[in-house]
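Student: Chain by chain, the residues:
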Amino acid sequence: MNKMSYKEKFVQMNKEAKATWIVAAVIIIFWWVAGFGVYSAFGAGFTMFGMPAWFVLSCFGSWILSIVLVAYLIKGVFKDFDLDDDVSAAKGSEKGEDVNE
Amino acid sequence: MSNSFMMLAPVVIFFVILMGMGFYIQKKSSDARAENYSKDYYIGGRSLGGFVLAMTLVATYSSVSSFLSGPGVAWQKGFGWVYYASTQVVAAFLVLGVLGKKMAVVGRKTDSVTAVDVIRNRYQSDLIATISAVVIIVFFTTQMIGQFVGGAQIFSAATGLSYTAGLIIFAIVVVLYTTVGGFTAVAITDTACAIMMLIGMFCLAYAIISKGGGLANIMATINEASATAQATGEGFNMVAPTAPSGGVASIPVQLFITQWMLCGVCTIGLPQTNVRCLAYKDTKSVHRAMMYGTIVVGAMMVGMHLLGVLSRGVLLTLPEGASTDTVVPTLISQYMHPVLAGLTIIGPLAATMSTISSLLIAGSSAIVKDIYLHHKEAKKEPVNQSFVGKISIGMTAIMGIVAVLLSINPPDIIVWINMFAFGGLQTAFFWIFLLGLFWKKANKTGAMWCIIGGLGAYILVYVTGIKIGAFHNILVGIVVGFVCFVIGNNMGKPIEEKVGKIFFPEKYPD
Chain A
1 MNKMSYKEKF VQMNKEAKAT WIVAAVIIIF WWVAGFGVYS AFGAGFTMFG
51 MPAWFVLSCF GSWILSIVLV AYLIKGVFKD FDLDDDVSAA KGSEKGEDVN
101 E
Chain B
102 MSNSFMMLAP VVIFFVILMG MGFYIQKKSS DARAENYSKD YYIGGRSLGG
152 FVLAMTLVAT YSSVSSFLSG PGVAWQKGFG WVYYASTQVV AAFLVLGVLG
202 KKMAVVGRKT DSVTAVDVIR NRYQSDLIAT ISAVVIIVFF TTQMIGQFVG
252 GAQIFSAATG LSYTAGLIIF AIVVVLYTTV GGFTAVAITD TACAIMMLIG
302 MFCLAYAIIS KGGGLANIMA TINEASATAQ ATGEGFNMVA PTAPSGGVAS
352 IPVQLFITQW MLCGVCTIGL PQTNVRCLAY KDTKSVHRAM MYGTIVVGAM
402 MVGMHLLGVL SRGVLLTLPE GASTDTVVPT LISQYMHPVL AGLTIIGPLA
452 ATMSTISSLL IAGSSAIVKD IYLHHKEAKK EPVNQSFVGK ISIGMTAIMG
502 IVAVLLSINP PDIIVWINMF AFGGLQTAFF WIFLLGLFWK KANKTGAMWC
552 IIGGLGAYIL VYVTGIKIGA FHNILVGIVV GFVCFVIGNN MGKPIEEKVG
602 KIFFPEKYPD
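Chains as they are written, first to last, in my numbering: chain A, 1 to 101; chain B, 102 to 611.
These are calculated hints, taken from the structure and not from any lab test.
Each hint should be verified, as a subset may be incorrect.
[Unchecked claim] Calculated lysine-lysine pairs in the DSSO-like style (CA-CA distance at most 30 Å, straight line):
no. : chain 1 : residue 1 : chain 2 : residue 2
1   : A       : Lys3      : B       : Lys594
2   : B       : Lys541    : B       : Lys128
3   : A       : Lys18     : B       : Lys541
4   : B       : Lys602    : A       : Lys15
5   : B       : Lys594    : B       : Lys542
6   : B       : Lys602    : B       : Lys545
7   : B       : Lys385    : A       : Lys7
8   : A       : Lys3      : B       : Lys385
9   : A       : Lys7      : B       : Lys128
[Said to hold, decoys possible] Some chain A residues near chain B, calculated using beta-carbon distances under 7 Å:
no. : residue
10  : Asn2
11  : Phe10
12  : Gly35
13  : Ala41
14  : Phe42
15  : Phe46
16  : Gly50
17  : Val56
18  : Ser62
19  : Val68
20  : Tyr72
21  : Ile74
22  : Gly76
23  : Asp80
24  : Asp84
For each residue, glycine too, the CB sits at the ideal point set by N, CA and C.
Same shape as in the complex, but just chain B (with noise of 0.2 Å):
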């Protein structure tokens, strides 16, 4: 009782300051959102600056997946699943780098609020913006779910709770926050939640390696699980970038190729993500973001799955049926301290509860700004800014509750749908931020062409269960989006003039 107690102390008082942040920053936006409700709600008056742009971009990014179910693969397979993870090393500078000041500078030259606004206004379609605001809805509730069901199980692990008590009790403290505060509070308390994954990531990082006897004695054990794979055939060879299992390459090359696109290269069109380019407040703080977020990024995604492997040192088996995802909550709730461990499972706690916050506030952005108030601009009738604060935060409590209530038992379909819901949103957006931004030719025929065609083919071969080879399918979305695109392109009219001057100055003369 005591134990859980103080195991419990640090988590409570996280989730209090998260809640406070919350309501302090809706007491203290009451002025801006009075002027524009969904600006300074949906994007947070563009005034972000370096660190909390790239601490929301990395929390963001860093899921459950990164804390849990990563380390505990790295666990079985070694130094090869930390190869395949450090892949995500590019992600931060390259949607800064790569997109993040054109966007900034259209979107603040269109007014836009959130990457369907940009979508909207490059293409100059409403269907195109209305199929891309109804796949992010979709895809990102799913999201939402499966974040909730993996935040769930940690917390419930962790405090001894039944698995509905810890999701209410998490699910109230996230949608809390991110409904009252906005997207200010999203990106301050990703802020929070990336210090504390990197201060739980110490923590575990101490606990592993005094608890294994130092690193030499901890790769000794690593050195002689290796060999007795190769020998016996049974288990991996933990110290090979495959980490072959029998003789066969538990992770194949082709796999390492679709990583870089599925976390790496392709990432810059997550919609999530990519939104933050039109919050950050000046040159300087992007510049600033791609350096932080290049240093935390790396460091998390190398250090944790690194710990998962290192961990293996101290825990040599897993119970009988186990599985892999068990790894970090068995290391924290018994080779720790608890206090020490309180401290720590905040860290994959602050890993999902940033990325549903963020998930959150962009979907439900989605809805209202997307839809609902481009729907009462087009019929031109007045918007009432009290009114627009009412329906934001309405939709979005709304939404969380959904996401809350489908998490207690996630229905198939929603599981099946989560499988593939990162990969549909790259091959969803990918080329139409790309080229939008970079290539006037492209127009709303190829746009339309790429998104219902690479989105067609990936969830088709997902249906079908069709491989090609071991790549993985975001390698089909993202070559038939882009062959759907140039065929459909062909067929369109190139863009007015007027849009042309907004998005690429440089092709007119003066």
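If we strip away everything but chain A, and leave its shape as in the complex, we get (with noise of 0.2 Å):
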């Protein structure tokens, strides 16, 4: 658990969401590649398993991908800390401001 500040936490929050969307990319050019990619360089002749080479590639391949890519996300880039504001919970029942007025 790492004590920031709320401020930080949002400074950490957005590096988070843009890598999630880097590895979304990662997956989805992957995805094609590995799927219309190699149908059009081999066709559906050359196999994996048995299956057309193509689906294997890019229907196991991307979820794998996504598993590899995901355990890199959180052990990498991900931080935790507390959801809670503790600043305002330390100095007393701030939390849900009246914003709502």
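From the two separate chains plus the hints, produce the assembled complex.
Tutor: Written out as structure tokens, the structure reads:
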């Protein structure tokens, strides 16, 4: 658990969101190349485990790639911190300031 | 008789367990509810751990179409349809990674219980909040009806009961446990449902591979069907990504692009899933949920659709006039041992129920919390927690019952609205959430333009039947929504500093 100020948490969360988008983009590109790309280069005759290689690479490949990249995200980019704002908690019951009026 | 009894037994046991969970949770959470009813009933007191968070997300997400219609089409079109469905692999980690923590942090700071609460606090507009709640109520109700119809069809096909009898038994179970147990019961039963979906999938995989005489045999059948399709122009080339039939792609590349929006990227806007970002316990939970969610959603989407393709090795043709929706029920009822069949049929039923329960609880929260309680608070009227309890339970029950009654003989208008409900929700909320949480300049005028312009354009293209190439209409909704947001935003006023400091503290000097 990292001690962060309310502001630092937002800087961190913006970084995490950006990394998540990059991971998604990498997966989409990989999916495209492994599927349409492999099919147009080798056709359906190229097989893996008895099934068309373009299918195995794109579907199972993107899935495994997603798992690997998510593992990287949560180990390398995402950080643990307190979701409650402890600064205001210390000051008393400022939580949920009436932004609503 | 004995066969249908053996098949029914696992289903009945599962139903009893689900209802038991609902009542148990109601009893257990009575103290928390006495203190703050809506926070416990609608968001489970922000207590979900990683595993349950992942499972409830995936279960809400996988509906009757992932277990029935999707694999049915895959049976017909082949691997291309699995490729098409595999775009959903990003759905679980994207919503949690992009919106997950920010919604949790600002949700706690502003004491938000629903997705609409977050919108209201961010844009400081009761009008946008009310429009959002109404959009949610309309689309959730129609989606629920769609799921009820699908679930009742499976239930009656499996049990031999009539459609209406099947609907009523099946609906009583899901409405009851959702109504009494609230969000916690939805999350826990969703987890049970997700586990049963996986078990059902493995049973089905075993049956298909063994009845089909192994993967090599099945693939030989598929290759032969594809060769015939290419030679005669009838049927689909099952081993090509676009599943061409007679030289024409039956899943055009353009459709793949919009599929990435509709079932991948834009799903982060769906209020029934992103409300879960308000419900989990701590950052460890959300990190774990990203991992578990990605593993399970991929296994389920790729797995179920692949099984649809491989079932071609068992079921070569369908009876004349039968829809591809009957592929999975036929496989289950004809090629599996009754007890195993009973266990497997729970899979699609569970997929349906877990989607309905989440729509129901979130729909009810839109009426009770976002409209009724907000109205009370605005008038500074005191809120009695036990009364909130009564109307929360009452409204959930009423909404469920209305949806069930409409499902007996669904009016055409509902069938029609359901066709664009999924994309409509994304059109309405994708930019509102994304820009609201990541773009400080986003203001209520932009948001209003986006929801009216985007949704308006999206509905308009449906009504008029306008198509842009082979793209799905979601493209129109999302693009027009974005343009409207930016134009409207320029005319609006910047957000107030007190809101800015909650949502964008990093933009202010210390």
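Student: None of the hints should be skipped; say for each whether it holds.
Tutor: Right, here's what the structure says about each hint:
no.: 1; hint: A:Lys3 with B:Lys594; verdict: violated, 35 Å
no.: 2; hint: B:Lys541 with B:Lys128; verdict: violated, 43 Å
no.: 3; hint: A:Lys18 with B:Lys541; verdict: holds, 16 Å
no.: 4; hint: B:Lys602 with A:Lys15; verdict: holds, 18 Å
no.: 5; hint: B:Lys594 with B:Lys542; verdict: holds, 9 Å
no.: 6; hint: B:Lys602 with B:Lys545; verdict: holds, 17 Å
no.: 7; hint: B:Lys385 with A:Lys7; verdict: holds, 20 Å
no.: 8; hint: A:Lys3 with B:Lys385; verdict: holds, 15 Å
no.: 9; hint: A:Lys7 with B:Lys128; verdict: violated, 40 Å
no.: 10; hint: Asn2; verdict: violated, 9 Å
no.: 11; hint: Phe10; verdict: holds, 4 Å
no.: 12; hint: Gly35; verdict: holds, 5 Å
no.: 13; hint: Ala41; verdict: violated, 12 Å
no.: 14; hint: Phe42; verdict: violated, 12 Å
no.: 15; hint: Phe46; verdict: violated, 10 Å
no.: 16; hint: Gly50; verdict: holds, 5 Å
no.: 17; hint: Val56; verdict: violated, 9 Å
no.: 18; hint: Ser62; verdict: holds, 6 Å
no.: 19; hint: Val68; verdict: violated, 10 Å
no.: 20; hint: Tyr72; verdict: violated, 11 Å
no.: 21; hint: Ile74; verdict: holds, 4 Å
no.: 22; hint: Gly76; verdict: violated, 11 Å
no.: 23; hint: Asp80; verdict: holds, 5 Å
no.: 24; hint: Asp84; verdict: holds, 5 Å
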